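Visitor: Chain residues, written in single-letter form:
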Amino acid sequence: MTGRAMSQFAPNIDEAVAAIPDGAMVIVPRESSGVPMEATRALIRRSVKRLHLVALPTSTLQGDMLIGAGCVETLETSAVSLGEFGPAPRFTAAILGKTIQMKDATCPALYAQVQAAEKGVPFMPLRGLIGSDILTHRPDWRVIDNPFGNDDPIVLLPAIKPDVALFHAAMADRAGNVFIGRDRELLTMAHASARTIATVEKLYDGNLMDDPALSAGTVPGFYIETVAVAPRGAWPLQLLDHYPADGAHLADYAKAAATAEGFARYLDQYVHVKRAA
Amino acid sequence: MTGRAMSQFAPNIDEAVAAIPDGAMVIVPRESSGVPMEATRALIRRSVKRLHLVALPTSTLQGDMLIGAGCVETLETSAVSLGEFGPAPRFTAAILGKTIQMKDATCPALYAQVQAAEKGVPFMPLRGLIGSDILTHRPDWRVIDNPFGNDDPIVLLPAIKPDVALFHAAMADRAGNVFIGRDRELLTMAHASARTIATVEKLYDGNLMDDPALSAGTVPGFYIETVAVAPRGAWPLQLLDHYPADGAHLADYAKAAATAEGFARYLDQYVHVKRAA
Amino acid sequence: MTGFAPEELLADTIMRLIGDVRHVAVGNASPIPALAALTLRERGGGMPYVSLLGSRRHMFFTDGGRELFDCAGQGRVDVFFLSGGEIDGAGNINLVSIGDYAQPNVRFPGSFGSGYLYYVVPKVILFRVEHSRRTLVRQVSFISAPGGNADNVHRPGGPVALVTNRCLFAFDRAAKRFTLASVHPGHTVDEVIENTGFDFDRPEKVPVTEAPSAETLRLMRETIAPQLAEVYPQFAARVFGVKVAQTSQ
Amino acid sequence: MTGFAPEELLADTIMRLIGDVRHVAVGNASPIPALAALTLRERGGGMPYVSLLGSRRHMFFTDGGRELFDCAGQGRVDVFFLSGGEIDGAGNINLVSIGDYAQPNVRFPGSFGSGYLYYVVPKVILFRVEHSRRTLVRQVSFISAPGGNADNVHRPGGPVALVTNRCLFAFDRAAKRFTLASVHPGHTVDEVIENTGFDFDRPEKVPVTEAPSAETLRLMRETIAPQLAEVYPQFAARVFGVKVAQTSQ
Chain C
1 MTGRAMSQFA
11 PNIDEAVAAI
21 PDGAMVIVPR
31 ESSGVPMEAT
41 RALIRRSVKR
51 LHLVALPTST
61 LQGDMLIGAG
71 CVETLETSAV
81 SLGEFGPAPR
91 FTAAILGKTI
101 QMKDATCPAL
111 YAQVQAAEKG
121 VPFMPLRGLI
131 GSDILTHRPD
141 WRVIDNPFGN
151 DDPIVLLPAI
161 KPDVALFHAA
171 MADRAGNVFI
181 GRDRELLTMA
191 HASARTIATV
201 EKLYDGNLMD
211 DPALSAGTVP
221 GFYIETVAVA
231 PRGAWPLQLL
241 DHYPADGAHL
251 ADYAKAAATA
261 EGFARYLDQY
271 VHVKRAA
Chain B
1001 MTGRAMSQFA
1011 PNIDEAVAAI
1021 PDGAMVIVPR
1031 ESSGVPMEAT
1041 RALIRRSVKR
1051 LHLVALPTST
1061 LQGDMLIGAG
1071 CVETLETSAV
1081 SLGEFGPAPR
1091 FTAAILGKTI
1101 QMKDATCPAL
1111 YAQVQAAEKG
1121 VPFMPLRGLI
1131 GSDILTHRPD
1141 WRVIDNPFGN
1151 DDPIVLLPAI
1161 KPDVALFHAA
1171 MADRAGNVFI
1181 GRDRELLTMA
1191 HASARTIATV
1201 EKLYDGNLMD
1211 DPALSAGTVP
1221 GFYIETVAVA
1231 PRGAWPLQLL
1241 DHYPADGAHL
1251 ADYAKAAATA
1261 EGFARYLDQY
1271 VHVKRAA
Chain R
2001 MTGFAPEELL
2011 ADTIMRLIGD
2021 VRHVAVGNAS
2031 PIPALAALTL
2041 RERGGGMPYV
2051 SLLGSRRHMF
2061 FTDGGRELFD
2071 CAGQGRVDVF
2081 FLSGGEIDGA
2091 GNINLVSIGD
2101 YAQPNVRFPG
2111 SFGSGYLYYV
2121 VPKVILFRVE
2131 HSRRTLVRQV
2141 SFISAPGGNA
2151 DNVHRPGGPV
2161 ALVTNRCLFA
2171 FDRAAKRFTL
2181 ASVHPGHTVD
2191 EVIENTGFDF
2201 DRPEKVPVTE
2211 APSAETLRLM
2221 RETIAPQLAE
2231 VYPQFAARVF
2241 GVKVAQTSQ
Chain Y
3001 MTGFAPEELL
3011 ADTIMRLIGD
3021 VRHVAVGNAS
3031 PIPALAALTL
3041 RERGGGMPYV
3051 SLLGSRRHMF
3061 FTDGGRELFD
3071 CAGQGRVDVF
3081 FLSGGEIDGA
3091 GNINLVSIGD
3101 YAQPNVRFPG
3111 SFGSGYLYYV
3121 VPKVILFRVE
3131 HSRRTLVRQV
3141 SFISAPGGNA
3151 DNVHRPGGPV
3161 ALVTNRCLFA
3171 FDRAAKRFTL
3181 ASVHPGHTVD
3191 EVIENTGFDF
3201 DRPEKVPVTE
3211 APSAETLRLM
3221 RETIAPQLAE
3231 VYPQFAARVF
3241 GVKVAQTSQ
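Protein chains in written order, with this note's numbering: chain C, 1 to 277; chain B, 1001 to 1277; chain R, 2001 to 2249; chain Y, 3001 to 3249.
None of these hints come from the bench; they were simulated from the model.
Given the structure is predicted, the values throughout are model-derived calculations rather than measurements.
Note that beta-carbon positions come from the ideal geometry of N, C-alpha and C, so glycine has one too.
One thing to keep in mind: the hints can contain errors.
Over 12 Å on every C-beta distance to chain C, these chain R residues come out as not near it, computed from the model [to be verified]:
no.: 1; residue: Pro-2006
no.: 2; residue: Arg-2016
no.: 3; residue: Glu-2130
no.: 4; residue: Ala-2170
no.: 5; residue: Arg-2177
no.: 6; residue: Thr-2179
no.: 7; residue: Ser-2182
Distance condition first, Cα-Cα at most 30 Å in a straight line; then the derived DSSO-like pairs of lysine-lysine [to be verified]:
no.: 8; chain 1: C; residue 1: Lys-103; chain 2: R; residue 2: Lys-2123
no.: 9; chain 1: B; residue 1: Lys-1255; chain 2: Y; residue 2: Lys-3243
no.: 10; chain 1: C; residue 1: Lys-161; chain 2: C; residue 2: Lys-202
no.: 11; chain 1: C; residue 1: Lys-161; chain 2: Y; residue 2: Lys-3123
no.: 12; chain 1: R; residue 1: Lys-2243; chain 2: C; residue 2: Lys-255
no.: 13; chain 1: B; residue 1: Lys-1161; chain 2: C; residue 2: Lys-161
no.: 14; chain 1: B; residue 1: Lys-1103; chain 2: Y; residue 2: Lys-3123
no.: 15; chain 1: B; residue 1: Lys-1255; chain 2: B; residue 2: Lys-1049
no.: 16; chain 1: B; residue 1: Lys-1161; chain 2: B; residue 2: Lys-1202
no.: 17; chain 1: R; residue 1: Lys-2123; chain 2: B; residue 2: Lys-1161
Construct the entire structure; sequences and hints are all you get.
Guide: In structure tokens form, the structure reads like this:
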């Protein structure tokens, strides 16, 4: 098995993401489940290249920034937008300019594919999809005749096994257990991925596994390679139960990123210089 | 969709299980995940018949008692024993006497089959199994050539969709939300089953969903048809984090149930007369 | 036309379409359906169950992002909502791109959960505020999810209606066609024909869409709008003037 | 032979077989492997990770009963333990029944997770305390899980050894045969041959199984036995005299 014996704490955010190599397949969560924005800025600062980014099942600011900064070679997701702030401008420009390879999916297909990796099976079946052009453009998906049915076509989706799962959560203890609460896809991501890097708002005193309630919402340290403390690490996105999205900032981003130049200025201002805490 | 609009509280344990019809497919959890023994005694008192009992993935006292009392027509599970107290005598007698139909499985196959129902897919693939006589004796399981491999046989397992999920847990709130903590298979069972009946140690004041930690370990009332309060409802088995198994009682059961007569006396003493609280 | 915002009329229309069901789920980028579902639940004293994607408070799921889809696969989601960059007369929706897929002229965000939910939720209500020949087209460039399938394809669900800023269409699944059901107050049948890129059926007399009641409007504005602001702060601010709590660094 | 119980010798032997790994999982009805795994972890200052089925304290899983199997499918379980009502010379194990499956003479509890874990865990250690021609047979009646498979079957895992109350066998996966590796103190090669129903290979000189050190015995008795009592109270009481907390009604 890959991974060190026990979880390690990174001294800072840049070291936390240092082990993500160019060309890695990295899986990240949807906006409401803990997007590691501080780690994303660190990845861009490091000029990581050729990522195969899997956004489970959608992305917003994070995907747009990684694409705009030239970090992404392949994007596998069900949608990228800025939500109420409109289209994702760098994503849109990259598709129209054909600078990234897009693997269009639909949300439950991605969940099923990651669950396939979690379960160590080569594929998962899924209903729907037949007659959709998503399927037409995915030669890696297969249609078979359901062996338990009668003239009943069904789609099989191959497992997605990321090299790295990367997410932000509320807290971790010193054993590397990470509390995720109801954001259970983070657990599935960690199970499915060879390595997991988590950033957290703060440290928890004691062992999360000793509490019957907290342990139910915990990714065991067994699955976690690296933890870094990053207060407000999802900013300017929300961390549910903790802080809302920074709408004013997101509106500014949407405006700036409408052009390549504006986006470059945004990076200069918010990424290449570490923002003050 | 089947099921009433909102969860109901049953006034007593006998009413809680009244809606389980003869012939129902009922799924119950393994010993360490909250076995509804009080509800099991109520089912036996009611002389429920012809159950298709799915024990996920194994059973101990509960399966043995239901079989001994003549409630079970088909048993689908990976193992039945009394653990440290030896073989399950009524199960063994029923198999040797051919009074129940046995569907031998292996633990992860059952989990996968229940997950298939949870996901609304007709089947799930699973590694292993090939060359095992478990597979030989399960005509309802299929082997296909993995479409993503090359001369790579893999087993497909059909979904198990129980009529009723029945389990015991720590607590429920008045909205019918049930706290299960780390015993996550109870959630999968509830998702997969048409109806869910839960017994709980006690009521929780407030709404479990309002607490970020407790909600992570909760089966939403949405999936629960009936809740009944049954203090020490897993007795004489354990409820982890709450009470251990009653070893002396289990040793007595193992001795009594060695014969049909001894088992009948056990039922007279502990089931047909409601035990004092 | 005075007295209510277009969004309020659309939400009210959607409330009527939802009807008497147990569970309504609302996906991404769906503020008007969210307004409708939450208002209906408030009026129903807690029923139907509402699952509002992206919300913590209006969301009972405890199994992560997949639970919406698992729940729908179990047959436990009765109503869902989808939109489209393009929608055509056969009920096909396009959330991906216009032009050749490999070399598109226009790119939309992506298909979200449509490639699955459109098939398994019994009552899918389509909504597209902008009613124009740009959005309602003869044939979509890319089918994120089709309006119908061959009979042997497992498909318990599909579209029942399409709500726009001009009218309400009903969808006939057997015929795979829309029928004009009503025209919103202040709009006309001719205007609908003029602005629709696909053929549709219509009765001789097309009714006017019922306006929301004062009570419904009061509920939306006073009770629901502040709840909506958790997930749709910009929408709640724009339509209802709800102040958004902004985070500053 | 004095100085330690047979269970202590077997656990010590299993500890050596486990070797230097990251994660050891222990299934149902496996008190001796549990004793070995917990002792090894104690000696290793917390490593390897140990997952003890049925325990709350010695179990880090948070995804329910399936997590053990998912974890193994991910390649994250390095060592597991299986037993058998019957075990044969090809490493096949029988946990189901003896005689015709439809009309058996003897019924065992069932296959548990063997029909999967035997295939995917790299190092499966077989243990069967009773070493007799009844338990170690020429050919099992029912294959819960086979010792080997055809080359095209996905099988990263399988048996590496078999520990009994008389000896230790190593398993050769290519040859699909056991080799006698050592005989426990107080037992003989002739006795092993006499009591084994299957053919096996053996070197000219068969070593004696190493006895547990005083330090290992101290650890097992003082530190691990009380931990073991959570899941195996009867075993802990019988072998180590740990008082079991009984629940009375």
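Visitor: All hints are to be evaluated individually against the structure, with a verdict given for each.
Guide: Okay, the hints, checked on the actual structure:
1. Pro-2006: holds, 18 Å
2. Arg-2016: holds, 26 Å
3. Glu-2130: holds, 14 Å
4. Ala-2170: Correct as stated: the minimum Cβ-Cβ distance to chain C is 22 Å, above 12 Å.
5. Arg-2177: holds, 17 Å
6. Thr-2179: Non-interface label on Thr-2179 (chain R) holds, nearest chain C Cβ at 22 Å vs cutoff 12 Å.
7. Ser-2182: holds, 29 Å
8. C:Lys-103 x R:Lys-2123: With Cα atoms ~29 Å apart, Lys-103 (chain C) and Lys-2123 (chain R) stay inside 30 Å; holds.
9. B:Lys-1255 x Y:Lys-3243: holds, 22 Å
10. C:Lys-161 x C:Lys-202: holds, 29 Å
11. C:Lys-161 x Y:Lys-3123: holds, 23 Å
12. R:Lys-2243 x C:Lys-255: holds, 22 Å
13. B:Lys-1161 x C:Lys-161: holds, 29 Å
14. B:Lys-1103 x Y:Lys-3123: holds, 29 Å
15. B:Lys-1255 x B:Lys-1049: holds, 25 Å
16. B:Lys-1161 x B:Lys-1202: Distance of about 29 Å is within 30 Å: holds.
17. R:Lys-2123 x B:Lys-1161: holds, 23 Å
No hint from the list above goes unmet by this structure.
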